[in-house]
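Once you've looked at the hints, dock chain B against the given chain A.
Protein chains: 2
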Amino acid sequence: MAARATSIIVDWGTTSLRAALVGNDGAELEHLETADGISSLAEGQHEPALMNALAPWFSKHGALPVAALGMITSRNGWVEVAYVPCPAGPAELAAGTVRRTLPNGSDLVFLPGLNDPGRQPFPDVMRGEETQIVGHGLTEDATLIIPGTHSKWARVKAGRIDGFQTFVTGEIFNLLINHSFIARGSAQPPVDDPEAYLWGLKEAKKSAAMLSLLFSARTGGLAGKLSAQQLRSYVRGLVIGQEFRQARDAGWYAEGDDAAIVGNDGLNDLYLIAAGEFGVRISMGDDDALTKGALAVLQKTLS
Amino acid sequence: MAARATSIIVDWGTTSLRAALVGNDGAELEHLETADGISSLAEGQHEPALMNALAPWFSKHGALPVAALGMITSRNGWVEVAYVPCPAGPAELAAGTVRRTLPNGSDLVFLPGLNDPGRQPFPDVMRGEETQIVGHGLTEDATLIIPGTHSKWARVKAGRIDGFQTFVTGEIFNLLINHSFIARGSAQPPVDDPEAYLWGLKEAKKSAAMLSLLFSARTGGLAGKLSAQQLRSYVRGLVIGQEFRQARDAGWYAEGDDAAIVGNDGLNDLYLIAAGEFGVRISMGDDDALTKGALAVLQKTLS
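First to last, the sequence lines map onto chains A and B. Residue numbers for the first sequence follow full-length UniProt numbering, so the first one is 1 and each next one is one higher. Residue numbers for the second sequence follow full-length UniProt numbering, so the first one is 1 and each next one is one higher.
It is worth saying that the hints were derived from the structure and are not from the lab. Each statement offered as a hint is correct.
Lysine to any residue pairs mimicking SDA-like chemistry, simulated, CA-CA at most 25 Å apart:
(1) B:LYS202 - A:GLY118
(2) B:LYS60 - B:LEU302
(3) A:LYS202 - B:ARG119
(4) A:LYS205 - B:ARG248
(5) B:LYS206 - A:PRO123
(6) A:LYS206 - B:ALA209
(7) B:LYS205 - B:ASP249
(8) A:LYS225 - B:GLY118
(9) B:LYS206 - A:ASP162
(10) A:LYS292 - A:LEU32
(11) A:LYS205 - B:PRO121
Just chain A, with the same shape it has in the complex (with noise of 0.2 Å):
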């Protein structure tokens, strides 16, 4: 017998708006996206664009319980969700929830974001990525990789994300790539070489001089030694080299440690690589963490 629909997952962010169709079983049985990203909609057009966007689903299935997360619970989305500190699970996050009654009945749960109070020099902060951790399971202690623009390390212990800490190493990425003196020697189209980015993970390793490592993307080519074409991919390797070294020495892992990569950002191959390369053992989370965490915390607060 098919999965009967019983929830909608909105990941809401800066550009876009996702939504996953969820069953009794916790499959996601259908998804849409439209470009109704927070950056695009004015004060008052939130609820119109949500309830366009599911229109579908509400028509065939009636009201059903709403989760929504992601830039829509900022400072400049619709309703502003405050952070929930961490030691924090399903229960901590499901009382931080913002609810409202859409038009048609359903319930909306706003989820909030997650911040480390134990973070030096201020609090850091996640909106999204504990959703995934929650997904991807707290029951067994652990390290955890978040890939993204702001990539996240956390920790999970004894049933709760412990802490956590981010790293702008995509950003980093992409300023250099498209803004820097790095922006006018690399090929276009952009290609991607695995070997050069093998080799920006081994300089990385090898030095903690960030600010002049960088530099090496201009020598290199100086010295006919690194080409338009393995510009991006071994400038990639550095940063994401940088990231895993000052994870390290921040206390994130030690040679041999085992961590787990979640999410997908299209990232996670990259990091994989690298973590093999600063001798981190991984397992990869599964794709849906965003969804069945959502689910979870939907669940704790709407019983």
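Just chain B now, kept in the frame of chain A:
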């Protein structure tokens, strides 16, 4: 009696051409600047642009030897001049010059840049700073800092430039302030805040995790601790502080050591404050180091 004009020094960069008319006593008599940077000139336009810029001086003083340096001698300039390897002083630099004769009979001497074959993973390079270092003086062994978009740390030893290392600090600062998540949070128009700069330096001193530390520019705002007015200077402190931290760990100085700040890229006061924070005792170089150095190499070349 007034000094007699005896030579011309041309600092010819990407966006401008700056020239100094120099007297027989080594003093700068006159200055001029045009927007004829190498990025605005096609092949064949360099000599006419130079003759046009210097016409007032040539018509008044006749033919004069001209030293040209900067990006004009790079691959994208007029005449590519090969880098001279460290260790090098005026004699080695003079041996690496390329000579032309201008239409009015003036000697035109292109000064070479310098490379450091000892740097990993590729030889480091400079174009222009080596001339500033020569002008600052090579008689005493010293550690020099030349602040800039791509800062240089250099060692003078036994009368020559012994080695150097580049840090792309200014470039990273510009990227962050103009194009990153930080750009959106900063006050417009930007303001300088000496206390926020010092705060950034102190945080950089505490943390080697640069990719994580940069995120404090966002979390500080979220925590209500860092204002839009403080953001720019705080971030500047973070990155210049990271340069001092990384230069120290790379062996350029130990706390309590002496160093001189050379050049005049508008950052010297900020670097002086950073040096104080990291325990480096600073002497400030003279503003005319570039002219002095170019004269020294020009005289070696023409003698």
